[in-house]
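If you read the sequences in order, they're chains H and W. Using my numbering, you'd call the opening residue of the first sequence number 8 and step up by one each time. Using my numbering, you'd call the opening residue of the second sequence number 0 and step up by one each time.
Be aware that a few hints might be false.
[What the hints assert, rightly or not] In silico PhoX-like pairs for lysine-lysine, Cα to Cα no more than 20 Å straight-line:
id	chain 1	residue 1	chain 2	residue 2
1	H	K120	W	K203
2	W	K98	W	K50
3	W	K77	W	K92
4	W	K204	H	K120
[Unchecked claim] Cβ pair distances, simulated, as ranges:
id	chain 1	residue 1	chain 2	residue 2	range
5	H	P67	W	L356	44 to 52 Å
6	H	L327	W	L164	51 to 59 Å
7	W	I296	H	T86	36 to 44 Å
8	H	D166	W	A292	17 to 25 Å
Honestly, the hints are just simulated from the structure, not real lab data. Glycine included, each C-beta is placed from N, C-alpha and C at the ideal position.
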Amino acid sequence: MNPILHIGGHDLRLMVRDRIFLFWTLLFPLFFIFVFGTLFNAGGGPARASLTVQNRDEGPWGDYFVAQIRSPGLDLRVTRETPREYLRWLVIPADFSRRIEQRQAQTLPLTNKAGGSLEAGAQAEVRIVQAIARVITEIVLFGEGDLRGFFTHRPEFRDLVEVRSGFPAGTLTVVPTGFDHVIPGVIVQFIMMMVLIYGGISVMVDRKRGTLARILGGPVSRGQLFLGKFLGRWLMGLVQALILVVAGKTLFHLNLGNPFLSISVVVIFAAAMAAFSIFLGSLLGKEDVIVGLAVLLANVFSALGGCWWPIEVVPPGVRLAAMASPAYWAMDAFHQVIFFHRGIVAILPNLAVLAALAGVLAVLAARFFKVRD
Amino acid sequence: MKRLVHLFRNDVRRRVRAPMSVLLMLAIPLLMTWIIGLVFAPKPGQNQLPKIRVLAVNLDEGMGGKFFLGAFDQGEGKKLFQLTLTDEASGRKRMAEGKASALIVIPADFTRRIVRRERARLLLEKNPAEQFLPAVVEEFVGTLAVIVSGMGQVFAEELQGLDALSHGEWKRITVTDLAPQLEKARQKMVVLNALLDPLLLQIKKGVVGKKKEEPEVNLFALVLPGLAIMFLMFVVEIFLRDLLTERENGRLRRMMFSPLAAHELILARILGAGVMGLLVLGVIAAAGSLMFAIDWIRLPYLLLLSTVTCLCLTALFGLLNGLFRNRNQAEAFTSPLILVFSAFGGSIMPVNQLPGLFQMASRLTPNYWFIQGVTQTQSGRFPGPSLAVLLAAALVLFPLAVWALRRRICR
Numbered sequence: 008m009n010p011i012l013h014i015g016g017h018d019l020r021l022m023v024r025d026r027i028f029l030f031w032t033l034l035f036p037l038f039f040i041f042v043f044g045t046l047f048n049a050g051g052g053p054a055r056a057s058l059t060v061q062n063r064d065e066g067p068w069g070d071y072f073v074a075q076i077r078s079p080g081l082d083l084r085v086t087r088e089t090p091r092e093y094l095r096w097l098v099i100p101a102d103f104s105r106r107i108e109q110r111q112a113q114t115l116p117l118t119n120k121a122g123g124s125l126e127a128g129a130q131a132e133v134r135i136v137q138a139i140a141r142v143i144t145e146i147v148l149f150g151e152g153d154l155r156g157f158f159t160h161r162p163e164f165r166d167l168v169e170v171r172s173g174f175p176a177g178t179l180t181v182v183p184t185g186f187d188h189v190i191p192g193v194i195v196q197f198i199m200m201m202v203l204i205y206g207g208i209s210v211m212v213d214r215k216r217g218t219l220a221r222i223l224g225g226p227v228s229r230g231q232l233f234l235g236k237f238l239g240r241w242l243m244g245l246v247q248a249l250i251l252v253v254a255g256k257t258l259f260h261l262n263l264g265n266p267f268l269s270i271s272v273v274v275i276f277a278a279a280m281a282a283f284s285i286f287l288g289s290l291l292g293k294e295d296v297i298v299g300l301a302v303l304l305a306n307v308f309s310a311l312g313g314c315w316w317p318i319e320v321v322p323p324g325v326r327l328a329a330m331a332s333p334a335y336w337a338m339d340a341f342h343q344v345i346f347f348h349r350g351i352v353a354i355l356p357n358l359a360v361l362a363a364l365a366g367v368l369a370v371l372a373a374r375f376f377k378v379r380d
Numbered sequence: 000m001k002r003l004v005h006l007f008r009n010d011v012r013r014r015v016r017a018p019m020s021v022l023l024m025l026a027i028p029l030l031m032t033w034i035i036g037l038v039f040a041p042k043p044g045q046n047q048l049p050k051i052r053v054l055a056v057n058l059d060e061g062m063g064g065k066f067f068l069g070a071f072d073q074g075e076g077k078k079l080f081q082l083t084l085t086d087e088a089s090g091r092k093r094m095a096e097g098k099a100s101a102l103i104v105i106p107a108d109f110t111r112r113i114v115r116r117e118r119a120r121l122l123l124e125k126n127p128a129e130q131f132l133p134a135v136v137e138e139f140v141g142t143l144a145v146i147v148s149g150m151g152q153v154f155a156e157e158l159q160g161l162d163a164l165s166h167g168e169w170k171r172i173t174v175t176d177l178a179p180q181l182e183k184a185r186q187k188m189v190v191l192n193a194l195l196d197p198l199l200l201q202i203k204k205g206v207v208g209k210k211k212e213e214p215e216v217n218l219f220a221l222v223l224p225g226l227a228i229m230f231l232m233f234v235v236e237i238f239l240r241d242l243l244t245e246r247e248n249g250r251l252r253r254m255m256f257s258p259l260a261a262h263e264l265i266l267a268r269i270l271g272a273g274v275m276g277l278l279v280l281g282v283i284a285a286a287g288s289l290m291f292a293i294d295w296i297r298l299p300y301l302l303l304l305s306t307v308t309c310l311c312l313t314a315l316f317g318l319l320n321g322l323f324r325n326r327n328q329a330e331a332f333t334s335p336l337i338l339v340f341s342a343f344g345g346s347i348m349p350v351n352q353l354p355g356l357f358q359m360a361s362r363l364t365p366n367y368w369f370i371q372g373v374t375q376t377q378s379g380r381f382p383g384p385s386l387a388v389l390l391a392a393a394l395v396l397f398p399l400a401v402w403a404l405r406r407r408i409c410r
């Protein structure tokens with residue numbers, strides 16, 4: 008067998024045989040996917056907000072106002088008593104109808120429980136504001152007459168403006184789930200972690216124990232040894248990605264867009280990390296230091312690159328700094344492919360940046376690759 | 000005692016000579032806290048979110064489109080959004096490139112349809128790669144749609160008058176044409192004013208469940224304790240793993256030829272790990288104060304909590320290292336355990352964001368109790384429950400750790 012394939016395959020075998028392999032490559036990333044995917048709206052579509060309305064009104068307006076608040080995206084609970092359990096609690100006072108009929112301004116207390124979802128809170132508030140706008144409009148349209156006669160001659164509010172929302176043509180047709188957003192980030196982060204830690208440590212340990220020097224005793228050139236080590240780490244990254252893609256597809260119906268393009272992103276990104284791991288393993292001589300540095304770099308790159316949170320919420324300055332992270336280019340390419348269904352031309356700049364990075368790191372790794380200390 | 004101190008001093012000296020791994024473990028929580036703060040900490044006078052980029056294509060031949068989009072340039076809208084007017088082709092191109100959160104297309108007959116009390120349809124295209132911002136735009140546009148619908152009905156008569164004057168060509172209307180209709184609208188506004196100023200119905204927001212004595216916590220102070228305990232665990236574990244390394248390379252055996260009792264060696268190592276942990280926490284706390292302006296409020300409580308936490312962690316990792324046959328086994332088990340503790344215990348994300356079952360599991364982790372303790376300390380309270388749990392765990396684990404390490408060393 009070609010020595011490069013032999014060395015690369017052997018390194019991959021060693022990684023897969025590690026007793027904790029499944030924890031690092033599957034269980035731990037799955038925990039991330041599950042928790043963050045659930046947090047970022049697992050089911051896709053708008054998040055449902057809950058609202059408890061305590062309607063103490065003695066007239067007809069309270070019920071009418073509640074009917075205006077009711078909407079498909081809102082879990083509405085109406086009670087006359089003070090609720091014991093609630094996330095958002097709106098009180099319609101006992102004199103609600105009387106004050107409306109006298110056209111007197113009034114304030115409705117809306118209490119939010121601390122720690123509730125801000126997004127859902129805003130949604131509930133928007134529904135209440137819209138209900139207020141509708142009721143006031145109808146009162147205006149009714150005119151200056153006695154409002155006690157409102158319900159017999161009610162001028163119905165008409166939605167003259169309809170908002171049709173959707174995604175741009177040629178992109179998605181279904182709302183992406185939280186998992187669709189989270190899984191690409193987890194794939195990128197764990198390729199970095201796995202390849203840098205495993206790959207870096209094993210290069211260093213093989214050098215320290217003299218394994219690399221012994222391999223060179225056989226019919227293997229230094230270049231083949233380097234390429235074999237590179238191949239091994241590259242395969243580690245690809246195996247990591249494959250495991251997460253299969254898990255994502257099976258458990259979370261992951262949408263990868265055009266699989267060929269998504270895989271090309273993974274292939275080039277993993278190559279860059281493979282070269283980087285050899286560079287780290289050649290440069291450093293202590294396992295703890297490699298682990299520390301790998302964890303530090305992988306986390307910083309992931310955080311900056313948009314693996315941990317949507318890049319859209321990041322301030323413009325940080326977004327600019329994110330371009331220094333390889334994860335950013337991989338994540339941006341994933342977004343183009345998965346969410347915009349764009350072709351190879353759109354992600355060529357990303358692939359070029361990642362390939363250039365892989366090239367530079369490979370040159371550095373080859374330059375610093377040491378067979379013995 | 001003298002020998003114990005001597006051993007401890009040697010261990011610390013050895014670590015100080017090669018401090019890289021400990022320094023990295025110190026740097027990671029600080030750097031991660033800094034990045035998280037950089038992204039999420041609100042800046043004075045600014046929104047927590049960056050301005051939401053919205054593209055608008057106004058094809059409307061009347062004034063309704065301008066009126067509608069004007070809301071993005073006033074009050075709350077101005078704070079939240081950065082509206083850019085564009086033509087349809089470049090708007091769609093920019094959306095396809097993901098350059099904005101949403102695109103609003105106002106059709107040519109927008110005003111005309113409202114005036115004629117027909118339904119006008121707005122198009123809102125959302126960026127599919129963004130998770131939150133397009134939803135904000137959607138809610139805002141939805142509310143504007145209700146308001147414009149209301150205004151369209153309230154001022155229907157005046158608008159229809161103008162429509163009749165212009166024969167549908169609103170751009171040709173002069174100020175003289177507008178005057179009578181505006182006068183009618185003004186009279187209506189006077190009547191309306193009674194309902195709108197003050198607004199007939201308003202909401203008054205409040206929050207419950209936030210304890211009044213709790214000061215506003217700075218974001219860095221929320222993030223740093225979780226990351227600090229996570230990397231403290233790695234530091235303590237690295238320190239205690241030395242026992243297995245020394246056992247494997249024969250150094251331990253050679254040491255035992257000296258007049259040194261096994262328990263002295265074990266206590267020195269545990270003491271060393273504990274003191275090193277305490278130093279690490281001290282440096283992180285000091286850096287937190289200097290870099291992130293974190294006010295720990297009750298430093299003696301924090302010191303007490305840190306000491307008990309270090310004791311608990313040294314006992315825990317001492318026991319684990321005593322149970323493993325070799326370094327590889329220890330490495331394979333302890334790092335995942337630290338990550339699991341961190342994931343469930345609130346170091347990676349706040350416990351209240353975890354699913355219900357995970358929240359219960361979090362109470363089994365030292366991370367949870369440390370983070371809770373620090374939160375209480377920051378609100379000026381004595382971290383009694385955290386201290387009790389961590390101390391109880393330390394008291395149970397400590398003798399077990401000494402027993403397991405002694406067994407491992409003497410074997």
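Here is how each hint holds up against the structure:
no.: 1; hint: H:K120 / W:K203; result: 14 Å, holds
no.: 2; hint: W:K98 / W:K50; result: 13 Å, holds
no.: 3; hint: W:K77 / W:K92; result: 25 Å, violated
no.: 4; hint: W:K204 / H:K120; result: 11 Å, holds
no.: 5; hint: H:P67 / W:L356: 44 to 52 Å; result: 45 Å, holds
no.: 6; hint: H:L327 / W:L164: 51 to 59 Å; result: 52 Å, holds
no.: 7; hint: W:I296 / H:T86: 36 to 44 Å; result: 40 Å, holds
no.: 8; hint: H:D166 / W:A292: 17 to 25 Å; result: 49 Å, violated
This entry does not satisfy hints 3 and 8, going by the numbered hints stated previously.
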